[in-house]
Amino acid sequence: MDPKNAQTSHSSPAQGEQKVKQVSAPLAMLTPTHAWRLLCRRTGGSISRTTFYRWINSGKVGAVRIGFRFLIPLPMLEEVIKKCLDGERI
Numbered sequence: 037m038d039p040k041n042a043q044t045s046h047s048s049p050a051q052g053e054q055k056v057k058q059v060s061a062p063l064a065m066l067t068p069t070h071a072w073r074l075l076c077r078r079t080g081g082s083i084s085r086t087t088f089y090r091w092i093n094s095g096k097v098g099a100v101r102i103g104f105r106f107l108i109p110l111p112m113l114e115e116v117i118k119k120c121l122d123g124e125r126i
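Using this note's numbering, you'd call the opening residue of the sequence shown number 37 and step up by one each time.
No lab work stands behind these hints: they were computed from the structure. Do not take every clue at face value.
The calculated DMTMM-like cross-link candidates involving lysine to aspartate or glutamate, where the alpha carbons are at most 25 Å apart (straight line), are [said to hold, decoys possible]:
| no. | residue 1 | residue 2 |
| --- | --- | --- |
| 1 | K96 | D122 |
| 2 | K96 | E114 |
| 3 | K96 | E115 |
| 4 | K96 | E124 |
Start from the sequences, fold in the hints, and give me the full structure.
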């Protein structure tokens, strides 16, 4: 067996290939306007934009403030949508 032509059995990546790192997906964040539109679409749409902003400011809808902007994580909005569909008061 010629050592130059022998294939190695170790599992290192071939030249030009890179190992793929598992990276967790970033959390989906929505602007208040997009979150409000999604909420209205999924629940039938009787919630005013002003009321939605009041919910954000009072903490009834979870939001993250970055500088002057508010962003609503999608999982928190999904909880609000579920409560609305179940008939609970927010």
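Hint by hint, here is what the structure shows:
1. K96 - D122: Distance ~16 Å between K96 and D122 Cα, so the pair holds.
2. K96 - E114: Holds. K96 to E114 sits at ~13 Å (cutoff 25 Å).
3. K96 - E115: holds, 11 Å
4. K96 - E124: holds, 12 Å
The earlier numbered hints are all upheld by this structure, with none contradicted.
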